[in-house]
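K.L.:
In order, the protein sequence lines correspond to chains A and B. Under the working numbering, the first residue of the first sequence carries the number 1, and numbering increases by one thereafter. Under the working numbering, the first residue of the second sequence carries the number 1, and numbering increases by one thereafter.
Source of the hints: derived by calculation from the structure; they are not laboratory data. Glycine is no exception: its CB is placed at the ideal position from the N, C-alpha and C atoms. Warning: the hint list may mix true and false statements.
To be verified - Cβ pair distances, simulated, as ranges:
1) B/106 with A/55: 40 to 48 Å
2) B/182 with A/62: 39 to 47 Å
3) A/7 with B/222: 30 to 38 Å
4) B/69 with A/118: 40 to 48 Å
5) A/62 with B/144: 34 to 42 Å
6) A/46 with B/78: 42 to 50 Å
7) A/30 with B/152: 26 to 34 Å
8) B/146 with A/11: 33 to 41 Å
9) A/92 with B/66: 32 to 40 Å
10) B/64 with A/48: 22 to 30 Å
11) A/7 with B/146: 29 to 37 Å
As the list claims (entries may be wrong) - Derived DSS-like pairs (lysine-lysine); straight-line CA-CA distance at most 27 Å:
12) B/17 with B/110
13) B/59 with B/70
14) A/114 with A/103
15) B/22 with A/114
16) A/114 with B/21
17) B/59 with B/110
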Amino acid sequence: MLRASASVTETSIDIQGINGDITAAAKGIEFGPELMRFAESLARRNEQALADARGELLHIAGPAVLVDAAGVAANFQRMVRIADATGIPVDNLANDVSQKIRKELDLDSFSSAKNSLETASS
Amino acid sequence: MTFSYSDAPYPVREDIKQAHKKFWGNLAQPGSWWTGAQRIAIAAEVRNAVDCEYCQERKSALSPFTVSGKHRQDGILDETAVNTVHQIVTDQGRITQAFVDDAAQQGLTKEHYVELTGIVVAVFSIDEFNRALGVAPEALPQAVAGDPSHYRPEHVSSDTGFVPMIPVDGAVGNERDLWPTGRSANVVRALTLVPNALRDWFSLASAQYLSLAGMSNLIRDDNRSINRMQMELIAGRVSAINQCFY
């Protein structure tokens, strides 16, 4: 969806921001590094890093951005658990774009990839 | 007042407050397969799981089966339900078909499993929102007495994932509101064995992220202070850390 949004808005981005590359997150996305650090510290349950990232994001982007970012991060803490708890495969695994992004981000190495890859090969 | 966020140092959007409050109201009610008291006990286990030392040991082990111990728990739910809640919260990437089938053998039917999953992910997500903002978790509600409805959708199939789901063309009758356009995705279908679990996540996702209709807007939602690229960077980073292939 990041790539799709960038494409629609004709923005040049580096998708490696998703893998934690600060330089990549900064490219084409306003507050990209700060948003990335905020999301990362929440998901890693690093409370000191979260407090720091919260303060940094608040300082540079303001409270409305902080609250909306918290909502999105919390939402995706839920979504990954729905997907993995129910073992759903990716809908469009054979799609060219899907395959390209999987390769770029090395998604096939994720533990939950088995739910999609085994389904596709059966 | 529930979810007033009066202790938050930042103003929280009204629709987020209302969505969280609405879920808390639903949580206290008898569900499809669990009573209100049991649903709240599941919510309490979500919070126990976060600090459960046994979960941390298991997660760091090469195989979770090589570690023995006991979960930090309140003792209201049986061991299978407690273990399932903790697994979803702390190590969801290692849930397998065998895990779900074994739980069913122990009495946690697929219907119970799906409703439990829906509660776990909703409570966890609301708590994570508070934690992200540095706000204390909301007190759990008081249970409303009553029996579960035992409602099961008429059309379900077992051809996707670990649990039965409504097929794409099966959202009819009482379930016709689930995907009115006739199009769906596996993540939407995932909890449909208990349709109200999907309705709960639609409600929360609409406030925390985007509504199903709003997801087609790849530029910016007028009611959000961050654009879609910023949203998806956050979503992608959280999912990558959680090793979520989906």
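K.L.:
Each hint: holds or not?
P.N.:
Evaluated hints:
no.: 1; hint: B/106 with A/55: 40 to 48 Å; in the structure: 46 Å, holds
no.: 2; hint: B/182 with A/62: 39 to 47 Å; in the structure: 40 Å, holds
no.: 3; hint: A/7 with B/222: 30 to 38 Å; in the structure: 21 Å, violated
no.: 4; hint: B/69 with A/118: 40 to 48 Å; in the structure: 30 Å, violated
no.: 5; hint: A/62 with B/144: 34 to 42 Å; in the structure: 40 Å, holds
no.: 6; hint: A/46 with B/78: 42 to 50 Å; in the structure: 33 Å, violated
no.: 7; hint: A/30 with B/152: 26 to 34 Å; in the structure: 47 Å, violated
no.: 8; hint: B/146 with A/11: 33 to 41 Å; in the structure: 52 Å, violated
no.: 9; hint: A/92 with B/66: 32 to 40 Å; in the structure: 37 Å, holds
no.: 10; hint: B/64 with A/48: 22 to 30 Å; in the structure: 28 Å, holds
no.: 11; hint: A/7 with B/146: 29 to 37 Å; in the structure: 50 Å, violated
no.: 12; hint: B/17 with B/110; in the structure: 31 Å, violated
no.: 13; hint: B/59 with B/70; in the structure: 14 Å, holds
no.: 14; hint: A/114 with A/103; in the structure: 15 Å, holds
no.: 15; hint: B/22 with A/114; in the structure: 35 Å, violated
no.: 16; hint: A/114 with B/21; in the structure: 36 Å, violated
no.: 17; hint: B/59 with B/110; in the structure: 24 Å, holds
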